[in-house]
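Generate the whole structure from the sequences, applying the supplied hints.
As a plain string of letters, each chain reads:
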Amino acid sequence: MEEKIFAITEGLLDTPTHYCPGCHHGIVHRLVAEVITELGVLDKAILVEPVGCSVNAHQYFNMDAVQAAHGRAPAIASAVKRVHPDAVVFTYQGDGDLAAIGCAEIVHAALRGEKFTTIFVNNIIYGMTGGQMAPTTLEGQTTATSPFGRKVEEAGSPMRVSEMLATLDGAKYLARVAVNTPAHLTKAKAAIKEAFTRQLRGDGFTMVEVLATCPTNWGMTPVKANAFVDETMTQVFPLGIIKDKENC
Amino acid sequence: MSERVLMKGNEAIGEAAIRAGCLYYFGYPITPQSEIPEYMAKQLPQRGGVYLQAESEVAAVNMVYGAAACGVRSMTSSSSPGFSLKQEGISYIAAAELPCLLVNVQRGGPGLGTIQPGQADYFQATKGGGHGDYRLLVLAPNSVQEMFDLTILGFELADKYRIPALLLADGALGQMMEAVSLEVSLQAKPEKQWAVTGRRGRVEPNVVKTLCFDQDTLEEHNRSLQRKYKLLEQQEVRYEELYTEDAELILVAYGISARLARSAVMQARAKGLRVGLFRPITLFPFPEEALFQLTAKNTQAFLVVELSSGQMIEDVERVTRRQKPVHFHGRTGGNIPTVDEIYDQIVQIMNKGGN
Ligand SMILES: Cc1ncc(C[n+]2csc(CCOP(=O)(O)OP(=O)(O)O)c2C)c(N)n1
Ligand code: SF4
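One line per chain: the protein sequences are D and L, in this order. Counting from 1, one number per residue, gives the positions in the first sequence under the numbering used here. Counting from 1, one number per residue, gives the positions in the second sequence under the numbering used here.
Hints should not be assumed to be uniformly reliable.
Unchecked claim - What the simulated footprint calls covered on chain L by chain D, stretch by stretch (three residues with Cβ under 8 angstroms from a Cβ of chain D suffice, anywhere in the stretch; the number is not a length):
| hint | region |
| --- | --- |
| 1 | 41-54 |
| 2 | 62-70 |
| 3 | 200-206 |
What the hints assert, rightly or not - Some, not all, of what chain L presents toward chain D, calculated at C-beta under 8 angstroms:
| hint | residue |
| --- | --- |
| 4 | Tyr24 |
| 5 | Phe26 |
| 6 | Ala59 |
| 7 | Glu88 |
| 8 | Gly89 |
| 9 | Tyr92 |
| 10 | Val196 |
| 11 | Thr197 |
| 12 | Lys209 |
| 13 | Thr210 |
| 14 | Leu211 |
Think of the hints as simulated: they come from the structure by calculation, not from any bench. Quick reminder that beta carbons are idealized off the backbone N, C-alpha and C, glycines included.
Following this line, the structure appears as C-alpha cells:
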C-alpha cells in the first residue's frame, strides 16, 4: 500500500521552479504558501511580486498577483489593500529591490502603517542580474561590482533594514529569520504566521526578513552557503524578533 | 434642471472624477495642480472614497497601477516635473492595459522651470514618455467645462479600451474659474474579469504582469497594443473647427492656446480676414484625416500656436504633408501669447499671401 507522506501545499501550484539548486527562494515560497493555506485565507490572498529572481513568483503561488516595477511593490500593495481591505496582501521582495531602488517605498509604507505583510528575502546580493553589490552586501564581500570587496568608505556599511524600519511607529511586527537549518525553518514559519495573523487583525505594517542564500552568485556549494548564513551573515544581521508592538 | 457652479479648472477635474465613480486618488503636491489633491483629500473621505498622499510621484503612479489592477476607477494628477517621474509607472500601466486617468496640468520647463503655464510636454504625452512602444489616450480640454467633461470621458474610454487616459491641461486652465454644468450620464462599466481580487472561488488566479521573457509572445502583445491604437484612430478622434469652410489661413492650437487663437480669429474675421481655427481635442489619436482634408480647401497656410518652442507643429507638418506652408507662433518660460501678438502674425502671413 502506498502512502503519501508529503504533499505540495494548496498555496503553491504543482510546477517545478526555475531557482538554482540550493537557492532559498523556493523554501521561502513554500513557507509563505503553507502559512496562507493554514490560516484559511488562500482565497483572498494577493501577492505583489518584485523584480529580481522571484519576478515571476505568480507562476508558483496559487493566488492572484500583481507584478511590480523594481522596488515599487510597497506602493502597489498600499493601494491594493485599500481597494480590498479584507484581502491578505503581501509583497515579496529581494534586498536589491527593497533596500536600494525601493527604499523610499518600503520606508513610507512602514511609516503609514500599511496593513500588508512584506516578505523580505535578503541574500546580500543582486541575484537576477548576475551578482552585483547590494546595500546589504557585507563589508569586504566580493561581488561583480565590488571586485575588490565592499569598502565601507566608498559604499557604506551593510544596511540593516529591519532595525531601520523598527524606528517607525507604523511598523508593528518585524522579525529576522533564516531557513538554512530545520530549526531555523520552524522559527521562520512561526514568524511568517505571526506577521500574517497580525495583518488579519489589522495591526499595521509587518515584515519578515529572511536571510537567504544565493549559492550561484556567492560562488559556493549549497552546503557551504548554508553554513555561511550561520557563520557570517548572522553576525551582521542578528536573528530574532526585531520589533513586536501590539496595536490593540 | 442642470446644476451649474463656479469652479476652478483643477476642482472641476476632482469633482468630475468623483462623479465618474473614481473613488481612489493618489497624489503628491506640485503647483499648479495642487487643488486636485486638496479637493480629493477633502471630498473623497466624505463620499466613500480613499485619498492617499504618496511619498513621491513615483509611488503615486504605482498606487494607481495597484488600484487599477484591482479593477476600480483610480487617478493621479501632477504637473510637468512630477509627471516626468510618473513615466516609469505609466509604461507599466500601458503594458498591463490597465484603465485609469492621469492628469498633467503643465507648467513651463525644462527642469524645475516655472509654475506658470506651459505646453511643452506634448511630445512626452503623445509619443510615449516612458520606455517601449505605447500610447496614451490624450485629451486636451480648453475650458473649465471641458476639464469636467473630458475627465468623465477619459474614465469611460479608459475602461472601454483598457488604456490609460491622460488629461493634458495647463496651469492657466487649472487656475481659471468658470461656470460648469455638473451633469453626468455614465455608460455601463464593462465587467473587469481580469481584475485582481483574491481568487474568491475562482479556480485560475488572475495575474497583472508586464514581464514577458519570450520574444515572440511579447511581439504579439506589442502587435495587439498597436491594433488597439489603430482602433482608437478610427473611432475616437475628436476635434473642433471654427470658420474653416472658407478660411485662407487656419490656426491650429489646443488647450489654452486654442482659446487665445480663437480670440485672434474672431478679431481677424471682424476685419474681414478669412481665418479659421482647427482645435484637436484628442491629441492621441490626432485628428489626422480631418486636418489633412483642410489642405484641399481655400487654405493657403497654417499657423500653429503653442506654449512651447514647437512640438505639435511636427504633427501638423506631418499630417498636412507640407502641402501648404506651416507657420509657428510659440511662447515659453510660462509666458502666454497675447491675442494681439497672434493677430499681428495672422496679418503678416496674410499680407504675404500665406508664405
Ligand atoms: C528600473 C530597473 N532597474 C534595474 C533593473 C535590473 N534588475 C533586475 S533584478 C535586479 C536586482 C534584484 O536583486 P534582488 O532584489 O536582491 O533580488 P534577487 O534577484 O537577489 O532575488 C536588478 C538590478 C530593472 N529590472 N529595473
Ligand atoms: S541567482 Fe541566486 S537568488 Fe537567483 S535563483 Fe539563483 S541562487 Fe537564487
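Now the hints, each set against the structure:
1. 41-54: holds (count 3)
2. 62-70: It holds: at least three residues are needed, and the region 62-70 of chain L offers 8 whose Cβ sits within less than 8 angstroms of chain D.
3. 200-206: This one holds; 4 residues, not fewer than the three required, reach chain D with a Cβ under 8 angstroms.
4. Tyr24: Interface hint status for Tyr24(L): holds (7 angstroms vs cutoff 8 angstroms).
5. Phe26: Holds - the Cβ of Phe26(L) comes within 8 angstroms of chain D, reaching about 7 angstroms at its closest.
6. Ala59: 4 angstroms, holds
7. Glu88: 6 angstroms, holds
8. Gly89: Interface hint status for Gly89(L): holds (7 angstroms vs cutoff 8 angstroms).
9. Tyr92: The hint holds - Tyr92(L) has a Cβ within 8 angstroms of chain D, the shortest such distance being about 5 angstroms.
10. Val196: OK, holds: Val196(L) within 8 angstroms of chain D, min 4 angstroms.
11. Thr197: 6 angstroms, holds
12. Lys209: 4 angstroms, holds
13. Thr210: Check passed: Cβ of Thr210(L) comes within 6 angstroms of chain D, closer than 8 angstroms.
14. Leu211: With Cβ-Cβ at 6 angstroms, under 8 angstroms, it holds.
When each numbered hint is compared with the structure, no violation occurs for any of them.
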